[in-house]
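Take a look at the letters that make up each chain.
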Amino acid sequence: MKVRIKFSKEGPVKFIGHLDVMRYFQKAIRRADIDIAYSTGFSPHQIMSFASPLSVGHESSGEYFDIELNSITDTEDIKNRLNAVMTEGIKILKVAVLDEGEGNAMASVAAADYLVRFSDKILLPDDWKEKLSAYYEQEHIPVMKQTKKSEKEIDLKEGIYKLQIRDDGIFMQLDAGSGSNVKPGFVLEHFFSTIDVQLPEFPFRVRRLETYRRTKKGKLMPLIS
Amino acid sequence: MRKLALSDEILMQVEKPARYIGNEVNAVMKDKNKIKVRFAMCFPDVYEIGMSHLGIQIIYDMLNRFDDVWCERVYSPWTDLDAVMRRENIKLFALESQDAIQNFDFLGITLQYEMCYTNILQVLDLSGIPFLSKDRTEADPIVIGGGPCTYNPEPICDFFDLFYIGEGETQYRTLIDLYEKYKDEQKSRAWFLENAAKIPGIYVPSLYEVSYHEDGTIKERKALAPNIPDVIVKEMVTDVSDTYYPMKPVVPFIKVTQDRVVLEIQRGCIRGCRFCQAGQLYRPVRERDVDVLKEYAVKMLENTGHEEISLSSLSSSDYSKLPELIDFLIEECNKRKINISLPSLRIDAFSLDVMNKVQDVKKSSLTFAPEAGSQRLRNVINKGLTEEVILNGAKLAFEGGWTRVKLYFMLGLPFETEEDIKGIGDLSNKIAAVFYETVPKEKRNGRVQIVASTSFFIPKPFTPFQWAPQCRKEEFLDKAYLTRKSITEQLNQKSIKYNWHEADVSVLEGIMARGDRKINQVILKAYEMGCVYDAWSEYYKNDVWMQAFEACEVDPDFYTVRERHDDEIFPWDFLDCGVTKEFLLREWKKAQQETVTPNCRMQCQGCGASRFGTGVCFEEKEGLS
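Sequence order for the protein chains is A and B. Quick note, in this note's numbering, the first sequence goes up one by one and the last residue is 225. Quick note, in this note's numbering, the second sequence goes up one by one and the last residue is 625.
Accuracy of the hints is not assured; some may be wrong.
In the BS3-like style, the derived pairs of lysine-lysine whose C-alpha atoms are separated by at most 30 Å in a straight line are [claimed, not checked]:
| hint | chain 1 | residue 1 | chain 2 | residue 2 |
| --- | --- | --- | --- | --- |
| 1 | A | Lys27 | B | Lys494 |
| 2 | B | Lys473 | B | Lys441 |
| 3 | B | Lys395 | A | Lys79 |
| 4 | A | Lys145 | A | Lys131 |
| 5 | A | Lys145 | A | Lys94 |
| 6 | A | Lys2 | B | Lys337 |
| 7 | A | Lys27 | B | Lys485 |
| 8 | B | Lys473 | B | Lys406 |
| 9 | B | Lys337 | A | Lys94 |
| 10 | A | Lys129 | A | Lys94 |
| 11 | B | Lys248 | B | Lys219 |
| 12 | B | Lys299 | A | Lys94 |
| 13 | B | Lys299 | A | Lys79 |
| 14 | A | Lys91 | B | Lys34 |
| 15 | B | Lys395 | B | Lys485 |
| 16 | A | Lys94 | B | Lys255 |
| 17 | B | Lys590 | B | Lys541 |
| 18 | A | Lys121 | B | Lys3 |
| 19 | A | Lys91 | B | Lys335 |
| 20 | B | Lys395 | A | Lys27 |
| 21 | A | Lys27 | A | Lys148 |
| 22 | B | Lys248 | A | Lys79 |
| 23 | B | Lys3 | A | Lys79 |
| 24 | B | Lys3 | B | Lys30 |
| 25 | A | Lys79 | B | Lys255 |
| 26 | B | Lys541 | A | Lys91 |
| 27 | A | Lys27 | B | Lys30 |
| 28 | A | Lys27 | B | Lys248 |
| 29 | B | Lys3 | A | Lys183 |
| 30 | A | Lys131 | A | Lys91 |
| 31 | B | Lys406 | A | Lys94 |
| 32 | A | Lys91 | B | Lys219 |
| 33 | B | Lys337 | B | Lys430 |
| 34 | B | Lys255 | A | Lys91 |
| 35 | B | Lys32 | B | Lys395 |
| 36 | B | Lys541 | B | Lys134 |
Some chain B residues judged to face chain A by a derived CB distance under 10 Å, without partners named [to be verified]:
| hint | residue |
| --- | --- |
| 37 | Asn26 |
| 38 | Lys30 |
| 39 | Asn227 |
Derived from the structure by calculation, the hints contain no laboratory data. Built from N, CA and C at the ideal position, the CB exists for glycine as well.
Throw the hints in and build the complete structure from the sequences for me.
Following this line, the structure appears as structure tokens:
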């Protein structure tokens, strides 16, 4: 049976890249003695699927992966056992059994919430908030996007589901589907380029808050709801 | 959450920031206010190399079992971070606490290969610790060296306050107790060093003076303090089944060179190959109890979650309970879906059977280390591997489905002739021929792949070849060309690939290996001129090194191409690794006569190591029971 696991990644471990996070969990699952299923063949590997890679340097409180189990105690036990072998900064938040036939984590991802804070090295104009609101209020935001083969114009607005200026940073809900994924840094870099603000290196601190799938009725729901 | 020593901006601009953040699974955190001694354990190379080293994990585990000590780790920052740290004046820090090394009580540096010597200076430099022991004060950490290169510590003796000679498990407690007394009673650093010099295995270079003959060889060595030993005997664990071993080794986040559980099954080697330093330094062979190993294997797999386990020793095939251990591991590992990696096995029916069970035959290759191309030269170096054994092993392997063979040789061995070198091509060809004779055409999947690699021989201290001259760079390269020619002349040359090691760096390694105290200034000069990470070919600057020798008026040839007289006093002769100089000299003479010496299990050669009262020296000999 398939189980979905939600975890957070905060503090120094944000510098661990996606592939290393996968390796980290493979080892953690062995330490926690979870009865995970392995692929067949000469070098069997754990059956595991991650929802959406998180960029190095980003924090998150809404990361997900699925694993296939041979046997299960209960979800609370899995959560506790994994938390007992975690390192500082990575915490298991939820564990849920998936329904038969439910798509894997990676294929399910439709959107994600982000909170972005600015580096204090950005020289913000006094009216940046108004300008950001006006930017988001536009009906279309045409941008040139680099693809593997060529450059093409897309409407960035289609991928920005929400944008709010909050006390603790800029909140955005963005398209996270494979092929249509929008990165929060990309949106803000584009915004600042339209108001001629020069950005320093590493201008944003990004935190992913949640990752969503789309229900049959088209509604966005967290990967574990 | 811990605060890191480096800012997010810096970590985002360097390669693999995970090298510098610590916090790995099983890393030991302690409350600084509840400990007395802070120990920074350093492997002077990049994180991925340093984290793969078993010795450090053993000492790290041991020191952290002491309630009053917190041992942390530090590695050489990679060149990108090195530049940032210099530019922004950031001091080198330990991974666990992220605190500056400068404020630690000890900086321990493991010396695993000579080409890391400039990295020692990098670590001291970035830490803000004076390069020279004589310039350090009570405010600086005690800089202590350990590991195989301390068996000739003289080329780097100015940079260290102490060296620990031998296996680390035995004397650290005594040393730390002395350190606590030094701090509690506010004694001087000189007091500490003088008293440390009286602890078995501890060498304090500043307390000895060396004088030289006019020809540059050593005349005499004098102790400068009363009651310190003239000869320092190595420290050794008598019972390897009852000592420290890390049940919870640190699990790195990023992929490192040795990303697996390492099970050290024995120390030492019975073989006595005459070029091999480890084979002499770690005598006598001591086996770890097989039941202890089984327990360790399971515990370490459970505590790390690693997907692979590897056996470690100089010659695993000589471990007497190997079949029992391997049967156990195969069963345990199949259950847990763990891979088993088996290095340094002699190729025979048993090992092929085992490898067939644990590896994918189609993907793996077999390794032979004949080391020399002819039987004559193999007798000179006492490598008891015959052509017959190699060809039989190859035949069995080809029948078992293997199609890839790796062969390791050395060039520049003492008494080597052109015929010996041509033997490398001949032997490679014979192995290829065995494949075509053994495997019928319809069963072949392409041709056999044979990769012959040569390294250049470097005479090392405490080996029978410590008297031998080393080749010049040009000679090395001529030998490599001759090897290549001998291979291209073979009938099966299309099945044989040939690789050789760089020559420049082998010459420098030879200088460091048998160097004396005059080399210290050259290393410092080379570092000041920009040499660091010499073990990495892309950073190795031979021309700068040669300029450093010239600037210091030190002749590199003195250390390499010169043949030593039988009675010359070597820089390392004040150390006693257990094996006597008389034994080594006997072996040197036997090499000249092409006479083979039986291994420790067949017949004791009286090397001197039996005085430790343990190990193979006290086993019942085969056929005598």
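Going through the earlier hints one by one, which of them does the structure break, listed in rising order? Checked against the structure, the hints that fail are numbers 1, 2, 3, 5, 7, 10, 11, 17, 20, 21, 26, 30, 31, 32, 33, 35, 38, 39, while the rest are satisfied.
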